[in-house]
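Spelled out from the first residue to the last, the chains are:
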Amino acid sequence: MHLGAQLASIAFAAVVFLVVLEMVRRRYLRERYAILWLGAALVLLVLAAWTQLLSTISSAVGIATPSNAFFVIAFAFLLLLLLHFSAVVSRLADETRVLAQRLALLEERERADHRSGADYNDDETENEEYALPGERLAAGRRRQPGPSDPALIRRR
Amino acid sequence: MMASRARSLLAVVPAYNEAGSVADVVLSLRERAPTFDVIVIDDGSTDDTAQQARAVGAEVISLPFNLGIGGAVQTGFVYALEHGYDYMAQVDGDGQHEPAELQSLLSEMSRDPALDVVCGSRFLSPESCYTAPISRRTGIHLFAFTLSKILGQRITDPTSGFRVYNRRAIRLFARDYPHDYPEVEAVLMLHANRLRLAEVPVQMHLRGSGRSSITRSRSAYYMIKVSLALLVGLMRRHSVVEPGDPAPVSATRGV
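Top line first, the protein sequences correspond to chains U and V. In this text, residue positions in the first sequence follow our numbering: the first is 1, and each later residue adds one. In this text, residue positions in the second sequence follow our numbering: the first is 157, and each later residue adds one.
Hints listed in this document are in silico derivations from the structure and should not be mistaken for laboratory results. Hints are supplied without guarantee of correctness; some may be wrong.
[What the hints assert, rightly or not] Pairwise CB distance ranges, derived in the manner of DEER restraints:
1) Asp401(V) with Ala100(U): 26 to 32 Å
2) Ser281(V) with Ala100(U): 45 to 51 Å
3) Arg102(U) with Ala211(V): 19 to 25 Å
Backbone N, C-alpha and C fix where the C-beta goes; we use that ideal spot for every residue, glycine too.
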């Protein structure tokens with residue numbers, strides 16, 4: 001490989017590696033997904049730096065120019081990552097569906113309770129109490145538990 | 157209304173497909189740690205874990221799908237925080253933790269008021285007969301060594317989930333708890349937030365039934381994930397999300 005191309009590849013792989021680490025540090029990226037990217041960046045880094053290995057691989061599979069072998073390997077990694085993300089998106093879609101169903105069932109139950117007038121606490125603050133942990137955190141307030149706590153209304 | 161004194165101890169039992177053992181865990185908690193309220197977190201089990209636990213009268217929170225041990229236990233932290241519990245214990249639903257030993261964890265906690273978390277360690281007692289595969293013990297000792305260096309305090313069993321948390325620790329982990337394989341990273345978070353941890357010797361049973369979440373194929377992922385989490389955790393400005401930091405879940409934050 002041309003020295004300039006080699007240096008560029010090394011620099012690119014190193015930048016990807018560092019950017020991924022920084023993203024994990026800032027919590028933009030979970031460790032689970034970072035590991036894949038770090039692995040890919042590391043393999044590309046090794047191939048770019050160790051030209052002997054790259055030319056061995058390329059001659060073994062019959063690719064004339066080692067830099068093309070580099071592209072093929074990088075492309076294979078991208079395909080695998082995309083496939084993985086498709087699987088993750090599928091799982092997320094399933095989880096969203098389950099959440100939507102649970103929410104709809106819960107709303108239906110609330111309405112049924114409301115109609116029957118059973119221990120339903122028609123409190124102005126009710127919606128606030130369903131805040132997600134993250135929302136409660138962002139607002140920086142802490143609610144003291146009380147008799148209208150949703151967990152206490154929960155039926156067996 | 158809640159009488160805070162009477163309801164100050166909570167045992168959280170995370171259980172994922174533990175129908176064979178969760179009822180025994182609840183019953184032995186009631187028998188040997190009767191001062192604890194018990195809440196079972198059914199982590200999206202596909203067997204009848206929740207029904208088994210309810211059958212022996214336990215409160216059960218059923219998560220709509222499997223969140224993993226971190227998400228399940230954090231549900232317990234949020235529950236403990238919202239209900240004003242003073243202390244929360246984690247007792248795994250597979251029966252490997254002995255509820256009778258909660259008392260020794262609690263008495264260590266009350267012996268030293270500066271402590272925020274007391275952790276049951278398999279490796280402190282000389283007659284320990286913990287027989288895990290050598291590879292797993294090596295991994296545990298590696299993390300124990302690293303954390304001991306970071307904390308400047310001897311840590312022997314950072315992967316143990318058998319822990320008692322006080323209110324400060326509950327508040328910390330209700331806000332931010334690692335997602336998968338959380339125990340080791342949680343020790344680092346305690347340290348970064350200047351919360352104090354102590355270990356006491358405990359015996360752990362072999363699993364009653366069910367399967368460990370850590371199969372052989374996953375242990376490589378375990379080691380890499382936890383190592384990365386420790387490395388990155390050390391570089392973080394705040395190890396946990398502090399009030400005023402960007403929200404941990406946000407749609408507007410772009411890269």
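Comparing the hints with the structure gives:
Range check, aspartate 401(V) to alanine 100(U): about 29 Å between beta-carbon atoms, so the 26 to 32 Å window is met. Our hint of 45 to 51 Å for serine 281(V) and alanine 100(U) holds, since their Cβ atoms are close to 49 Å apart. With their beta carbons about 23 Å apart, arginine 102(U) and alanine 211(V) fall inside the hinted range of 19 to 25 Å.
Checked against the numbered hints given earlier, the structure satisfies every one of them.
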